[in-house]
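From first to last, the protein sequence lines are chains A and B.
Using my numbering, the final residue of the first sequence is 323, and nothing's skipped along the way.
Using my numbering, the final residue of the second sequence is 1369, and nothing's skipped along the way.
It is worth saying that the hints were derived from the structure and are not from the lab.
Honestly, I wouldn't trust all of these hints.
Said to hold, decoys possible - Below, in silico cross-link-like pairs of lysine to aspartate or glutamate (DMTMM-like), each with a Cα-Cα straight-line distance of 20 Å or less:
no., chain 1, residue 1, chain 2, residue 2
1, A, Lys133, B, Asp1223
2, A, Lys165, B, Asp1070
3, A, Lys21, A, Asp316
4, A, Lys133, B, Asp1041
5, B, Lys1071, B, Asp1112
6, A, Lys319, B, Glu1128
7, A, Lys273, A, Glu24
8, B, Lys1309, B, Asp1223
9, B, Lys1120, A, Asp316
10, A, Lys166, B, Asp1070
Unchecked claim - Pairwise CB distance ranges (calculated):
no., chain 1, residue 1, chain 2, residue 2, range
11, A, Ser182, B, Gly1146, 35 to 41 Å
12, A, Ser182, B, Pro1161, 48 to 54 Å
13, A, Gly200, B, Asn1357, 48 to 54 Å
14, A, Ile263, B, Gly1146, 52 to 58 Å
15, A, Asp253, B, Gly1146, 51 to 57 Å
16, B, Lys1305, A, Phe311, 47 to 53 Å
17, B, Asp1053, A, Gly248, 35 to 41 Å
18, A, Lys21, B, Asp1053, 28 to 34 Å
19, B, Lys1039, A, Asn231, 27 to 33 Å
20, B, Thr1297, A, Lys21, 56 to 62 Å
Only a predicted model underlies this, so the values are computations on that prediction, with no experimental measurement involved.
Beta carbons are placed, not taken as given, at the ideal position from N, Cα and C, and that holds for glycine.
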Amino acid sequence: MKNLSNNTELNLYFSILRIRKIEERIAEEYSSWQIRCPVHLSVGQEAIGAPLKMIFNDKKDEVVSGHRSHSHYLGKGGNLKKFLCELYGKKNGSSGGRAGSMHLTDKNCGFILSSAIVGNSIPIGVGLAYAKKIKREKGLVLIFFGDAAVETGVFFESVNFAILKKLPIIFVCENNFYSVYSSMKYRQPNKRIISNMASGLGIKSVNVDGNDPQLVYKTYLKAKKYIKKNNGPIFIEFKTFRHFEHCGYLKDDHLKYRNKSEIKYWLNKDCLKKIKKKIVRKYNEKLLSNLERSINKEINLAFQFAKRSKFPKNTDSKKKLYA
Amino acid sequence: MPKDPNFQKIQIVKKNYMHNKKIITYAEAINEALNLSLKKDKNLLCFGLGVGDPKEVFGTTKNLKKKFGDKRVFDMPTSENAMTGIAIGCAIKKCSVVMTHQRLDFSLLAFDQIINNAAKIFYMFNGEFSVPLTLRLIVGRGWGQGPTHSQSYQSLFSHVPGLKVVMPSNPDDAKKVLIQSILDPNPVIYIEHRWLHDQKGYVEKGYKTKNLGKGNLLMSGKDITIVSSSFMTTEALIASKILKANKIGVDLIDLCSIKPLDEKIIIKSVKKTGRLLILDSGHNFLSIASEIASMVTSKLFKNLKLSPKKIAMPDFPVPTSYALTRNFYPGHEQIIEYCEKTFKRKIKYRKISKNINHDVPHEEFRGPF
């Protein structure tokens, strides 16, 4: 596949930078203790969520995700103000403050839901795809999960059904090698390659560097084509690395669960660094700083909006239990 | 007084024949409800282990696959948890689903999906999605079903906010309540007892529904209120008829819906009788019966002539052996025994012959399930 056009590359850079800045701002604001829910920041893994809106249809192509879902939500075009309001527990939040960072939704961009239980949203995504088939709707479903989700039974059950019924699904395993602080060596056999394991189930599978934005972008394009042509699901393993702690606004490398050389290797391979290197060669500084300024402005306004928004009424907590 | 308390012949029926009714079994009533619902809603799906196999879930899914195609009606992989999640995914896209488990015990594999997703999604996403999902769970009993094929966990499900739980006791309710559960935009746990499947009764013809949360007053009397549900209603009916013949008037309330609970019908009755006996097909501790006893005691303490009584399954697993299961399940005899003590008098009735096997619903019944 040929290289991305300059324009696409610039948009991709913009999207990655935007998610990075939003996430870093959340980390910065967190210690003022107004965001009172767990957050699982996507910093380091943005290349995987960033291109979604550029490639997939707003509403026809639907997304479900897990606990680390900010980059998928934002990358698919999820409303920033509603997202931040949800983190702040405000009435204007995507779920009126009932759900928090671990349960995001924005129907308008096809981001159906994310879930806090590892593996738990995988079958939901498969169900969305089956309903598409029944209703003869166009589009596909992207299901995001981490390397720990492939250790759950529900993962195998879901992939099995997707293959059996030839469903239009892109399974995306974001492998950052750690489940909280537990490394692969405690969880999966030595030398296991997740995509090979998936392939053994009978699903077309690929294994790609998730920190290479161009490659990630092209992989999605190929996957989309594959589904159109073969009328069946595909599995992608993206290898990547998280920069922040598993849950929270700090770094946790002092705990020494990841060794120094490993951290250094991955920070060098950072997706933002990688794409920025190419971009600065092609565009003048002024254009790039304008771009950055526009992102900062959007973020400032959105945070202001969230902080100033009203809390829901306490008595609202009893409402809407049954439809 | 029934000549032969052969369970199959106990029917909850009105005596006068009506032209818009017919006599069918509980299993046939379920089949009819599914048939009518699949016809009405082109996006309705029906799946579960055995749904499309030759035995078609004790006949309850008979001919559905043939009629509506294997995209909508199908046998599924043995993946209870994922298939429940898949059903939820379909449901939030407005394809309602009826999922079936041939034993309630199998649904326990799907507690993550049932509790963390089905019950939570409407609330958690602030009403953005509803989950029109019906889970048909069949409770086994007898013929050595044993510890893991005969559990009746209505109280576990009822504990979870966001779920509805129903346990119809007769064919007419089975049909109408199933149609209503399918129409309901919330997840409904529809619990059916295996021993009810062969029972016959009058069923109203056509696409008919019944509101969830409504109990039935099956018999009226002034001396004692008996509250029951599902197969326990069969036992309660036998006992109530015997008691009536012995001049003890029973207000017999068949709950039909466990959650929401028809508190009004219970309160109204206990105000009249001042005595309450609650039957439960689940284990005694933290049972639905316990909840009702607590509700009535706290709301009607002054109206009670004596403390409410629970008759439920004992608090140990159901064993398998023919010998071990004798006397495991409480029935009409225990109800009568309690009334003898309460009303301090001997109640005359013909006991079931010792030759009748205790582990089958009727003598024609053969295992394995």
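Structure-based check of all given hints:
Under the criterion of a C-alpha separation no larger than 20 Å, the hint pairing lysine 133 of chain A with aspartate 1223 of chain B is inconsistent with the structure, at around 58 Å. In summary, the hint linking lysine 165 of chain A to aspartate 1070 of chain B is supported, as the alpha carbons are separated by about 11 Å, within the 20 Å threshold. For the hint linking lysine 21 of chain A to aspartate 316 of chain A, the alpha-carbon distance of about 33 Å lies beyond 20 Å, and the restraint is violated. At most 20 Å may separate the alpha-carbon atoms for a hinted pair to count; lysine 133 of chain A and aspartate 1041 of chain B meet this at roughly 16 Å.
Using a Cα cut-off of 20 Å, the hinted pair lysine 1071 of chain B and aspartate 1112 of chain B is violated, with the two alpha carbons roughly 26 Å apart. With a CA separation close to 13 Å, the supplied pair lysine 319 of chain A and glutamate 1128 of chain B stays within the 20 Å bound. Between lysine 273 of chain A and glutamate 24 of chain A the alpha-carbon distance is near 15 Å, which keeps this suggested pair within the 20 Å criterion. Between lysine 1309 of chain B and aspartate 1223 of chain B, the direct Cα distance comes to roughly 14 Å. Compliance with the 20 Å bound is thereby established for this hinted pair.
With a C-alpha separation of about 16 Å, the suggested pairing of lysine 1120 of chain B with aspartate 316 of chain A holds against the 20 Å cut-off. Distance hint between lysine 166 of chain A and aspartate 1070 of chain B is fulfilled; the C-alpha atoms sit about 14 Å from each other, no more than 20 Å. As the Cβ distance of serine 182 of chain A to glycine 1146 of chain B is approximately 38 Å, the hint placing it in 35 to 41 Å holds. For serine 182 of chain A and proline 1161 of chain B, the hinted distance range of 48 to 54 Å is not satisfied, since their beta carbons lie about 33 Å from each other.
Between glycine 200 of chain A and asparagine 1357 of chain B the beta carbon distance is about 50 Å. The supplied range of 48 to 54 Å therefore holds. Separation of isoleucine 263 of chain A from glycine 1146 of chain B is about 54 Å and conforms to the stated range, judged on CB atoms against 52 to 58 Å. For aspartate 253 of chain A and glycine 1146 of chain B, the Cβ-Cβ distance of about 53 Å falls inside the hinted range of 51 to 57 Å, so the restraint holds. The hinted window of 47 to 53 Å between lysine 1305 of chain B and phenylalanine 311 of chain A holds, with their beta carbons roughly 50 Å apart.
For the pair aspartate 1053 of chain B and glycine 248 of chain A, the beta carbons lie near 50 Å from each other, so the given range of 35 to 41 Å is not met. Taken as a hint, the range 28 to 34 Å is violated for the pair lysine 21 of chain A and aspartate 1053 of chain B, whose Cβ atoms sit roughly 56 Å apart. The beta-carbon spacing between lysine 1039 of chain B and asparagine 231 of chain A, approximately 29 Å, falls within the hinted interval of 27 to 33 Å. A C-beta distance of roughly 60 Å is found between threonine 1297 of chain B and lysine 21 of chain A, which places it inside the suggested range of 56 to 62 Å.
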